[in-house]
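Novice: Take these sequences, add in the hints, and give me the full structure.
In the numbering used here, the protein residues as written are 1 to 209.
Quick caveat, the hints were computed from the structure, so don't treat them as lab data. Treat each hint with caution, since some may be false.
[Unchecked claim] If you anchor each label on the Cβ, the simulated ranges turn out as follows:
id, residue 1, residue 2, range
1, VAL123, PRO14, 29 to 37 Å
2, ALA44, VAL123, 15 to 23 Å
3, ALA44, ALA164, 37 to 45 Å
4, GLN19, VAL93, 20 to 28 Å
5, GLY73, ARG160, 22 to 30 Å
6, ALA106, PRO172, 42 to 50 Å
7, GLU163, ALA132, 41 to 49 Å
8, THR135, ALA177, 53 to 61 Å
By construction, the Cβ of each residue, glycine as well, lies at the ideal position given by its N, Cα and C atoms.
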Amino acid sequence: MAHTHVGHALTAWPDTPGQKGLLDVARMEATVAAEHATYAVEGARNIASVKLHAGHVLHAVDPKLLPDGPGAGYGLTRALQGSAEHLGYAREVPDASVNLRAGLPAVIADLDALRRESQVMAVLARDARLSADETHVVTYAQDLARRSNLVVAGIDQAQRRLEALLTAEQPPYRPIARRYLFGVIRLPSGDWAFDPDLHKKQPGSHRSY
1 MAHTHVGHAL TAWPDTPGQK GLLDVARMEA TVAAEHATYA VEGARNIASV KLHAGHVLHA
61 VDPKLLPDGP GAGYGLTRAL QGSAEHLGYA REVPDASVNL RAGLPAVIAD LDALRRESQV
121 MAVLARDARL SADETHVVTY AQDLARRSNL VVAGIDQAQR RLEALLTAEQ PPYRPIARRY
181 LFGVIRLPSG DWAFDPDLHK KQPGSHRSY
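Specialist: If you want it as structure tokens, here you go:
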């Protein structure tokens, strides 16, 4: 079960765009945010352009705050939170290896720090869009560009650390088929179980996650 939870971060999760892994989606959204933060800085002589691209950053970080934009529609903050949560589940289940129990907390801490940074980015992007002071708008855009590039690099680093942990797994970690990744439920007891017909059922006493 531990490797299944890892698979939700790395391989696939049912509510993401294209059912990609949560960490992949975080990387996608962070890349969009970084690109548009850069565009905002490059267009500093045109404040309307700066504000437009700041809005695109906001959308990539949290589409609930701005529904329209060039991101995937899932949100960087949400994808980072989901990645950290699922790796936390991987560490907690009874079949988690000593390797995962020892190594995952550092990866989870990295992802939590990146999630908090993404929330700062959302505030900066919002303020850039709303400010009437052109100097402040440009300053916010510059800070966004710096922070968003650091988040992209941080996600890459977290993924490398996770992959290094998995390389040391015994038995070896292998990507898990989507059928199994998408059939996991959490029982009222807190235990995890696999239900192959989960997608056919109506919500009941078992809680999918």
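Novice: Give a verdict on every hint.
Specialist: Quick rundown of the hints versus the structure:
1. VAL123 with PRO14: 29 to 37 Å: 30 Å, holds
2. ALA44 with VAL123: 15 to 23 Å: Taking Cβ atoms as reference, ALA44 and VAL123 lie about 20 Å apart, which means the hint holds.
3. ALA44 with ALA164: 37 to 45 Å: Since the Cβ atoms of ALA44 and ALA164 sit about 40 Å apart, the hinted range of 37 to 45 Å holds.
4. GLN19 with VAL93: 20 to 28 Å: With a Cβ separation near 22 Å, GLN19 and VAL93 satisfy 20 to 28 Å, so the hint holds.
5. GLY73 with ARG160: 22 to 30 Å: 27 Å, holds
6. ALA106 with PRO172: 42 to 50 Å: 21 Å, violated
7. GLU163 with ALA132: 41 to 49 Å: Holds - the Cβ-Cβ distance for GLU163 and ALA132, about 46 Å, lies within 41 to 49 Å.
8. THR135 with ALA177: 53 to 61 Å: Because 54 Å falls inside the window, the suggested range holds.
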